[in-house]
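We have chain A; now place chain B onto it with these hints.
One line per chain: the protein sequences are A and B, in this order. Take any residue in the first sequence, count from 1 to its spot, add 3: that is its number in the numbering used here. Take any residue in the second sequence, count from 1 to its spot, add 1149: that is its number in the numbering used here.
The hints are simulated quantities; they were obtained by calculation from the structure and are not laboratory data. Where is the CB? At the ideal position from N, CA and C, for every residue including glycine. Take the hints with a grain of salt, since some may be wrong.
Calculated cross-link-like contacts (lysine to any residue; reagent style SDA-like; alpha-carbon spacing at most 20 Å) [to be verified]:
1. A/K25 - B/R1193
2. A/K25 - A/E59
3. A/K40 - A/K60
4. A/K40 - B/R1257
5. A/K25 - B/Q1155
6. B/K1206 - A/E5
7. B/K1220 - B/G1189
8. B/K1206 - A/G4
9. A/K40 - A/D62
10. A/K45 - B/S1157
11. A/K71 - A/S88
Computed footprint of chain A on chain B; a stretch qualifies when at least three of its residues, placed anywhere within it, have a C-beta under 8 Å from a C-beta of chain A [stated by the list, open to error]:
12. 1161-1175
13. 1184-1196
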Amino acid sequence: GENVEQHPSTLSVQEGDSAVIKCTYSDSASNYFPWYKQELGKRPQLIIDIRSNVGEKKDQRIAVTLNKTAKHFSLHITETQPEDSAVYFCAASVASGGSYIPTFGRGTSLIVHP
Amino acid sequence: DVKVTQSSRYLVKRTGEKVFLECVQDMDHENMFWYRQDPGLGLRLIYFSYDVKMKEKGDIPEGYSVSREKKERFSLILESASTNQTSMYLCASSYRLNTEAFFGQGTRLTVV
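One chain only, chain A, in its complex shape:
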């Protein structure tokens, strides 16, 4: 099955700095790559996603890049703010039984210091 590696496990930055989280995946058939943010005590929620026919996608301060050849994708957050502090999960979706099943990375705990 699919295997997703996510790094780093913890990332500490100062407010206003940029943060980058990287993921690699193993199954070249994966074609949908979402990122979820989970604030303390809350459910994971989608913040951005990218499909395999696109190399980069941006939404205000967050962006995701995808390199299908190397099988890695990254989340970039610019001008970080304390409210960006959360656990971020990447995922890669591969087809199984006619449906697409996301496999998640282990998560990155982002801490933004004011």
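Just chain B now, with coordinates in the frame of chain A:
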């Protein structure tokens, strides 16, 4: 607004008990999932279902079973709870093709 609702926020059960975790979604999603979340291990898939009465094993199905009798409801069953099943359980749902997964609020299960 999509709603995925899990029946309990917190549960405490005894070793050997049969435990039912219920999940209901209101968006007519075909796919439903049960994940287990443990610190440092991320979200690990226990079972998923892509249609009523259909189920597929995920990465860690041992000790669990599931039931999907209606499209909107997906139940996770711990046949005989053990202490190593103490964890946060998250239900999610999505449309069949590659789309966003919507999560429930989670059930923190403690087995004593």
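Outcome of the hint check:
The suggested pairing of A/K25 with B/R1193 holds, with an alpha-carbon distance near 19 Å, which does not exceed 20 Å. Note on A/K25 and A/E59: the hinted pairing holds, with a Cα-Cα distance of about 14 Å set against a maximum of 20 Å. Taking the CA atoms of A/K40 and A/K60, the gap is about 17 Å. The hint holds against a cut of 20 Å. Distance restraint check for A/K40 and B/R1257: the Cα-Cα separation of roughly 19 Å lies within the 20 Å cut-off, and the hinted pair is therefore satisfied.
Between A/K25 and B/Q1155, the direct Cα distance comes to roughly 31 Å. Violation of the 20 Å bound is thereby established for this hinted pair. Straight-line distance between C-alpha atoms of B/K1206 and A/E5 comes to about 14 Å, which keeps the hinted pair within the 20 Å bound. Proposed proximity of B/K1220 and B/G1189 is contradicted: the alpha carbons are some 32 Å apart, above 20 Å. Distance hint between B/K1206 and A/G4 is fulfilled; the C-alpha atoms sit about 12 Å from each other, no more than 20 Å.
For the proposed pair A/K40 and A/D62, the alpha carbon gap of about 14 Å is at most 20 Å, so the pair holds. Our distance criterion of 20 Å between C-alpha atoms is met by A/K45 and B/S1157, whose separation comes to about 14 Å. At most 20 Å may separate the alpha-carbon atoms for a hinted pair to count; A/K71 and A/S88 exceed this at roughly 29 Å. Counting residues of the region 1161-1175 of chain B whose CB lies closer than 8 Å to any CB of chain A gives 0, so the stated coverage by that chain is violated, three being the minimum.
As drawn, the region 1184-1196 of chain B meets chain A at 7 residues by the rule of a beta-carbon pair under 8 Å; at three or more, the given contact holds.
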